[in-house]
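Here the structure of chain A is known, so what remains is to put chain B in place on it, guided by the hints.
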Amino acid sequence: MGINRRSALKLMMSAGATATAAALPSPADASTVAPRPDALGLLYDTTLCVGCKACVVACNRANDLAPDTGWSGGLYQAPLDLNANTKNIIKLYQQGSDRSFIKRQCMQCLDPACTTACMMGALTKGEFGIVSWNGDRCVGCRYCEIACPFNVPKFEWTSSNPRIVKCELCRDRLAEGKEPACTEVCPRKAVIFGKRDVLLLEAKRRLEEHPRRYVPKVYGEHDGGGTQVLYLSHLPFEKLGLPELGDTPVPQMVRDVQGTIYTGFIAPLALYGLVGAAVFRNRKGVEKAAAAAAEKNEEAGV
Amino acid sequence: MSARAHETSPVGGEVFTRPFILLAAFFALAMLVVAYRFAVGLGPVTAMSDAYPWGAWKPFNVIVLTALGSGGYAMAVLVYVLNRGKYHAIARTALLTSALAYTSGVIALGVDIGRPWNFWRLIFVTTWNLHSVLLEVAVCISTYIIFLWLELSPAFLERWAQGKPGPFRTIAVSWTPRIERAFPWIVAMAIVLPTMHQSSLGSLFLLAGPRLHPLWQTPLVPLLFLLSCYLLGFAAVTMISLLSSATWNRPRHTRMLAAVMQVAAWIGVAFLGIRVLDLVWRGQSHLLWTFDQYAAAFWIEAVLVAVPSVLLLSPSWRGQPGTLFRLSGLVALGGSLYRLNTSLIAFMPGDQFGYFPSVLELIVSLGWVALAIIGYLYIVKRFAILPAAAAAPASSRG
Chain A
1 MGINRRSALK LMMSAGATAT AAALPSPADA STVAPRPDAL GLLYDTTLCV
51 GCKACVVACN RANDLAPDTG WSGGLYQAPL DLNANTKNII KLYQQGSDRS
101 FIKRQCMQCL DPACTTACMM GALTKGEFGI VSWNGDRCVG CRYCEIACPF
151 NVPKFEWTSS NPRIVKCELC RDRLAEGKEP ACTEVCPRKA VIFGKRDVLL
201 LEAKRRLEEH PRRYVPKVYG EHDGGGTQVL YLSHLPFEKL GLPELGDTPV
251 PQMVRDVQGT IYTGFIAPLA LYGLVGAAVF RNRKGVEKAA AAAAEKNEEA
301 GV
Chain B
1001 MSARAHETSP VGGEVFTRPF ILLAAFFALA MLVVAYRFAV GLGPVTAMSD
1051 AYPWGAWKPF NVIVLTALGS GGYAMAVLVY VLNRGKYHAI ARTALLTSAL
1101 AYTSGVIALG VDIGRPWNFW RLIFVTTWNL HSVLLEVAVC ISTYIIFLWL
1151 ELSPAFLERW AQGKPGPFRT IAVSWTPRIE RAFPWIVAMA IVLPTMHQSS
1201 LGSLFLLAGP RLHPLWQTPL VPLLFLLSCY LLGFAAVTMI SLLSSATWNR
1251 PRHTRMLAAV MQVAAWIGVA FLGIRVLDLV WRGQSHLLWT FDQYAAAFWI
1301 EAVLVAVPSV LLLSPSWRGQ PGTLFRLSGL VALGGSLYRL NTSLIAFMPG
1351 DQFGYFPSVL ELIVSLGWVA LAIIGYLYIV KRFAILPAAA AAPASSRG
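Chains A and B are the protein sequences, given in the same order. The first sequence maps to residues 1 to 302 in the numbering used here. The second sequence maps to residues 1001 to 1398 in the numbering used here.
When the alpha-carbon atoms are kept at most 30 Å apart in a straight line, the in silico DSBU-like pairs for lysine-lysine are as follows: (1) A/288 - B/1086; (2) A/288 - B/1381; (3) B/1381 - A/284; (4) A/284 - B/1086.
If you are wondering where the hints come from, they were derived from the structure by calculation, not from laboratory data. Since we're looking at a predicted model, the values are computed, not measured.
Bound-form chain A, shown alone (with noise of 0.2 Å):
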């Protein structure tokens, strides 16, 4: 990636919310992985999205992406979520007088399940700690599907040679000194892009302005390990299609079991020696009971 810093310094700078997050004293980072210094996010306030749909446009064109018309779920839903064609999103929830827009993407996880389930690291978390794809690492296998609990990574369904594709938050106009697609074009500045540490403490400074605008709490801080995509809401995150993860990231678990049996390689290394030497040492006592079976066999005629 051609990015050089001063670059995306710019962008950052550019991201609105400097000026003001910048007065406000650092916040002790209580997630359980510690973000890259260099990591970029996205920050969307449901409180101000009008779901005019702009940034899902102006993706499709950053991306090369042919808008998918081909299903719809009603009047607004088009399309129905995330898919080949469709790295961005925005969906409607509507229940009651209960209204909200929500804004769907990869959430650059801060410790990927994608990147772990990737066997040849297809999907890996580069710079600016973007999750992006390598075509020739990746065999089409979809365990990233398997293991992203956001759903986002697509499959190709109708190409013969698949890809999986995925929100890898613009790098191409990173490299050019822009800032992503969706961020620029978003008239009501609700969904805004720069360094996460600053996103955070924006996030933060208007949860502390406007307190009874939205329900406490930044979704992406801790949730999953913390993401770099950050939300801000007036509803229930859940209500709204983000899962409840905790605040342990999803590989903890398989690393913790796969760890414990795996470690240095030592346990299947000394199951070989063992084996090994069980089947050397028994070789003979097999052969000589298996010829007396046989025999008994044949007299009994079983």
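Chain B alone, transformed into the frame defined by chain A:
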């Protein structure tokens, strides 16, 4: 191994029988679907989606069928590690079943994955993501197939060594002593590799986290998968042995198979005991009484393992070949359902999504099974796999 020479013998006879031709025709049909799948992608052929990305192929053809093909592994542990040489007579039946199940499973995987042309890169250690459970599974299964066929190779080598002079005979003559020398270390590898990947097939689903129903999502999933592969391996070998003996009029070895299933029954009891203790320990046992589809799936699975396991503990139940066959079938169903539940049915991507396999998807799935059966029919007829017929045609009693 020379001691086997008089234990086993080829069935002989016509290969192209009617069942063989029917299975081959079905396999050919499945291959047409496979060709279509490579032309248009997975979407038009299968019912898989971004919510259910694995559909039927990985859960059935790999996760369930390699467990049913774990007989070679389970019998090797019994014969060579626990030193029970008397089970040797059915060792080759078990090995052939395993080799065919695994081979068909890996071919199925090659059709299932979207970009199979990148798979070869796995030979470079530099590409390995050591945190990936799937890496371990992929490397272990690919390597294990080689060791399975090596373990079975004496069956082919001893025939070729006696055949007409030619390349096969040259290979057989030069390789037989090498294989014999290396045999303990081949067997040891063929025990360690499945111990690793059969448990890790379960660990794959640890990463599904809260998207796997809590009745199945447990840190003990590798242990439960390991136990279930013994259960399924023993049950499948028993059924295939009994079927083969009945079909080709071979000695039935009912007593031996009953002893194998007695071991399997204790494993079934241990499996269920661990399953229940785990639920209690994790504080999830109340979910058993919720009467939703997940509780139902659990109960069906548990009953299918529990009932035959308990009955198989009684000598009178397991002594009759017909009953032994049916009880083994129930064990195989229950163990398979456990694996299908973990890998597909209890996967919860969201209430708005559903999955049921498409007809074409099922045709391909069953096509790989047909391939394995065709392979079995051919190999037992031409090579010494099945127990040799008794010298005296005394009685057909089991």
